[in-house]
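If you follow the hints, you should be able to join the two separate chains into one complex; please do so.
As given, the protein sequences belong to chains A and B, one line each in that order.
Residue numbers 1 to 476, in the working numbering, belong to the letters of the first sequence in order.
Residue numbers 1001 to 1406, in the working numbering, belong to the letters of the second sequence in order.
Since the hints were derived computationally from the structure, they do not count as laboratory data.
All figures in this text were calculated on a predicted structure; none of them were measured in a lab.
Every residue gets a Cβ at the ideal spot worked out from N, C-alpha and C, and that includes glycine.
Do not rely on the hints blindly, as some may be mistaken.
[Unchecked claim] Quick partial rundown of chain B residues pointing at chain A, CB under 10 angstroms, derived from the structure:
no., residue
1, Ile1049
2, Val1303
3, Ala1342
[Unchecked claim] If you anchor each label on the Cβ, the simulated ranges turn out as follows:
no., chain 1, residue 1, chain 2, residue 2, range
4, B, Asp1306, A, Met442, 27 to 37 angstroms
5, A, Pro66, B, Asp1092, 47 to 57 angstroms
6, B, Ser1066, A, Ala383, 43 to 53 angstroms
7, B, Glu1061, A, Lys149, 53 to 63 angstroms
8, A, Pro72, B, Glu1162, 31 to 41 angstroms
[Stated by the list, open to error] Below, computed lysine to aspartate or glutamate pairings styled on EDC-like, alpha-carbon distance capped at 20 angstroms:
no., chain 1, residue 1, chain 2, residue 2
9, A, Lys441, B, Asp1323
10, B, Lys1271, B, Asp1282
11, A, Lys409, B, Asp1323
12, A, Lys409, B, Asp1291
13, A, Lys409, B, Glu1354
14, A, Lys420, B, Asp1306
15, A, Lys420, B, Asp1302
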Amino acid sequence: MSSDQDHLKETDTEARFEFKKEENSAVRSGKGLTEEVIRMISDDKDEPDWMLERRLRALEQYQNMPMPSDWPGMPDLSELDVEEIIPYIRPDVDKREGVDDWTELPDDIKDTFDKLGIPEAEKNALSGVGAQYESEVVYQNMQEQWEEKGVIFCNMDKAVQDHPELVKEHFMTTCVPPSDNKFAALHGAVWSGGSFVYVPEDVTVEMPVQAYFRMNSEGMGQFEHTLIIAEEGSEVHYIEGCSAPKYGTHNLHSGGVEVFVGEDAHVQYSTVQNWSKNTFNLNTKRAICEENGTMEWVSGSMGSKVTMLYPCTILKGRGSTDTHITIALAGEGQDIDTGAKVYHNAPETSSTIESKSIAKDGGRTNYRGLVHIADGAENSSTAVECDALMFDNESTSDTMPYMEIEESKVDVAHEATVGKIGDEDIFYLQSRGLDDDDAKKMIVAGFIEPITEELPIEYAVELNRLIELEMEGSLG
Amino acid sequence: MSAGTQVHANLTEEQVREISGDLDEPEWLLETRLEALEALDSLDMPDVIKTPGREWTNLYELDFESLVDPLNAAENKDQVGPDEANVLSWADAVQEHEELLKEHFGSIVDPQENYLTALSTALFSTGTVIYVPEGVDAEDVAIRTEQNSRSLFNYTLVVTEESSSVTILERQSTGEEAEEQYYSGVVEVAAGENSYVQYGSLQNLSEEAYNFTVKRGVTDTYATIDWIEGNLGTQLTKTEVSTELRGDSSETQIVGAFYGHNDQHFDLDAKVWHRAEHTTADLITRGVIDDISRSVYEGVQDVGADAWDTSSYQRENTLMLSDESEADASPQLIINNHDTEASHSATVGQIDAEDLFYMTSRGVDPRSARNMLVEGFFVPVLEEIDVDELRDDLEELIGARLRQRD
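This is chain B alone, in the form it adopts within the complex (with noise of 0.2 angstroms):
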């Protein structure tokens, strides 16, 4: 099915020129908002995965114009750094930065490729330019998103020139809760020469909510990009995690953990393109699912053929709680250069009974021994996150879901 069959009820181009004009933008950033409007009749959905009989995630029975209320949009937002980085809301980058702006902005997230990214970048409202120059290290910088809007479209680009660091973390929730609310969110990361850029993110919506989220990076050489992914909230989430390694010697991690309960549907990509020599990728994912929840992962390292000397490891496990939930699970190697280590691995499975019984054993009572199991489950996953913070929120958001449980 096309998405060309919808009728955009509630989209005008009026409306997108007020959003581009209410933030002043350039006749460029307005032309191509109207074309990714444009296209959007001509647009697919994102893929998902289908098996004979089977789509994993149905997004086509989601009538997202009917969620989207692109004048509207409310939201309470922190956009913190140190001094010596430039962290600016969008309606300020596009005054400040317009040339780093033209350069990097739809660059590395195609807007028309597919209908989601394209409606973000037509009615995109909000957003955060983060420019980390040469040689500078900066750490601390916070993103916290409220919604208080039945939709909300938020851009996100990070741009780190030469030997500089960066260490972002961003975190989504509602404030005001409606009965349906969308999300979208796109981010761009370019990462320059030897740069490094940590990229923690924290997605704890409405469980009303719908999420859709794009974040890719590119490397140059020597660069490191590191993803660190949370998802808790919202009823349905689509959301993929990239890299371009297309930088000789340039790595990225991506470490991804999840909870999902009640009726909640992830779908989580994890994908990394080996485009240069000498470099490394690391994904891994681990997360708990619950009562009908159901839980979608999708991986992918695909290694061209210029990829010489390609190391990548993929691994993804899913602890089942519910015997009423179900988990999707599909790591897929492509591989056109020989010279090349890969593997990957997932698995599926519920708390060991062994486990279970020994603590048990020991006096501790079978519902915080269970507690105990999962939160251990997740501890290869929270070991990699550098930033405290993050890991620490993580955790407790994790138990305090745990201790819901009876």
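Same shape as in the complex, but just chain A (with noise of 0.2 angstroms):
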């Protein structure tokens, strides 16, 4: 680790996570959802007529919808009461689409973003850092490198009053129409914040851009929209992260995430998601893919009680590729569901998926894919491989993969595999003189490399402090 990093070993990770601010803020919309909710939260953000329509019509679909109910080993939903969670509140900050300077935000929310070392990270190796509290993006800038180039790298809010047109193209219409499922109609008509991209033609925007999303109050909900839009040849890697202190009541996040990849442009979007342990994190995030474009979705779920996670791409140009990387850790009480969802609806389209997931304390992680290839997309690849790790007896660990097969020059695989620690593997390192804990905490690092090499380097060291800290005096 360079010395660049130090700020996170001096920052003790836990700790970052696990405080709580007094909530603070400007406009609190009422518990639950109706109508005038909606009218006020379009009201608020003071948005053209036609979003709030989308709103409501999407708010008519929630209402139609019922809940899904007939998935097999289908996480417990019922605690969930979308009439109890406060769709929308607005910190208060001077400035109405956020600050570009740092300096320039409230005391408590640049000290909960400190504590998570934000900013810290954006001087170090990031282009451009998003920060929301709530329901708004309190921080968004973008280096000034960037931005000449043509990059927009705005709060969503904003990219609805000043990019209009390629907002009503791609917001929640081809990608992820409010009719995909229940919580993406109610995204659809609660959504505030979020981030929006748009990468020019042939630009490589060479450092990650990165958003971090937190939840501070009780019994609400977050629902921040992500639209990426890749122009041909163009590359951008996003980075979230979304954290939450612990309450006593149940908080939702229901987020969105479209991302439109160009001809031959490269996305990659990783999460590390570590909301806290009463989150019901259900999210809906779907990349279309056109002519050898690449996208690729790289996944750590280590918080929240339930996560209902499936990344999906569809693969609607010829050459175009995908590839998912996702790790689960489900430890007491929680219940990990995720996967990945691949489309190949074009020839010589090739997909990767690769999920690791571990289980203890009584946690559960499953792993729910479909790979779906149609008629006519000749000579399309996938390789799936799910392997899950153990801890103990309360755990469970499932695996769900579902294929459907529709053209004959393809070649697909999937191969999974679970098992315990081996005792084999503790043993040895037990003898070069470790203890037991160590054998084991430097097992399940091995387990999960893969994952973590694909992240800058700030992400990877975060991710392995998390899972040590998920790890440390579970172990027995």
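Now the structure itself:
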């Protein structure tokens, strides 16, 4: 680790996620979901009519859709009461669209993000940072060199005002329509904040763009929307991190992510999710890949009470490629139900899915994935590999892949293994002088290495540290 | 949709009473049948896999009851076995082994598990009971069923006592063909302590027929159940072959082979529940699909919380010979005990172009080369089959189907 990352050594990661702040908000919606709440949100944001209309339409779809219930082995959502969730809280920031100078932020918010290690990360290795506190983006900054090349990185609410044409065309239309699922509809009705990233033709953003989401208030829902448009031949890496302190009541995070990967473009989307363990994390993330485009999803899911997340890639253009790398860690009381969806809709497309999961202290992990190869998607290939590690007998590890192959000129392979931590491996490490805990930590670190390799160093360090924290005291 | 919306146009209590009466069944069996009939209204079809916007097998479109002709079942049946084992027709078993039936009938496959098992329980008119006493080794038990009627409901019970063994070969075919026929079979196997059951089955019904079959076994301590399952016939098959490993150190193997062509649809489930310590399961299925046929495979390895020291393996490979065919697969792992070594894999592909090129470069004409490669594809499965007769028959049927192709 270089000296640049010293701040990570000094910050106690656990403290970074566990602290709570007194809530200090300017506008706060009531609980639940009504047309008035939607109109209030839209009005507070001073949105154009078309966006309000989309919200109201999504609300109607939400109300008409049943809760999903017929999935085999589905996580328990009975404790989630959307009517008790506060969908919208605007923190008290003077400037409506957030600030672009860190020092202008109110002290309490600045303090929160300082504790989380932002924006030190920006100083070090990032080309842009956005930070969302409750429902609003409070800080957004893009390094000038990228701005000059026409890269847009701004708060989603601001994009609605400043880039209406782009947003109108891409926002919850072809990629994730609200009708996709009940929580996408909910998201469409109450979404707030999030990031808008636009990378013009042939521009490569060499440093990652980062957003950080934090829920600070009890019983709130966060519904940020991320829209990434990568034009032909461009390249960008977007990273999001999420956290919230733990309260007695449940929080709900239902984000929406839409990625448009242009011809020959390359987008990587990385997530380190560490919501508090009373959060229901129900997201819809999807990418559409044009010819020879490449989409990479890297996800680490450590937090939340329940996560249901299946990032999806639609390989629409000939020769497009998808990679999924997923790691899930479920401890006591956690149900991490995650996986991947890939639709091969064109010839010569390929996908690789690599999933690693760890279940311990009664937690449950499930890989749930779908690979669909459409008729006519000749010479396509897919390889799925799921490995699961179990620590104890109270935990559960499930694997539920689905493969639908309508084309014969394909190469389809799925593999999965489940096992416990090897006694021999532990014995070997102990014989080298490591104690039991350290040996297990080392084995876990080795198990997830393929994932951490894909992340910038400070995220890799954070991920490792988070996993170490989750493991501490739980081994035996 | 619930099956409750269906009206039993041609199903009555009287029919069930008549079937049971003809077989001279005791009151408790009649009751079980009548309860199953009554439950039809509230039962759903067997589970099928659903993914967003798709259902892998549509059973609701079929009007099973219109296929049913309960009082006119006709068949040609052979039930043979060595003298040491008791191989009995259902009617004989009812007279000679009522206690055995009372103990086992419906204990492994719940008659009211779903709509189709209940239909089968209410209406079955033929069956076989195989009872192998302690210490007896019975080879070459053969059951051959030739369906000669619109519908046929068949029931099979296998009970092996301690340290016995039995090899059973079952075949289904169609004699008199009708436009649409329905074959329904329920097989229950209770493998006693340290006993061994090998149950081979070759389904080669008419390609107009519909088929629903559940074969399920339960093992006692040290027992082994090996299933071999060949599927070639019918236009729609929905089957489950499964074992519950209930006794410590028990084992099971499920070997499957299928070859679909024309518009055949196979929905094949292989399931294992590990419910005791030191149990082992091995699931191997290979299949070929051609023309516009479709295969659906669901494999489940379920390891319970008390199943310490489990080993469980599953492999499924599908070869697509035609571009219009479709192969769906879902191999699932449900693991609740960490002292487990489990893996599964599934592949879908076509004949390897390099292999084909190699063979044609050696002077083999392309058609023969392809047929040899397809036959070769089945070899790993055929090798697992210990029953020579079944292996030879399966090989021959595969070869014949390949030669039909241009």
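### Query
Failing hints, ascending?
Of the numbered hints given earlier, the structure breaks just one, which is hint 9.
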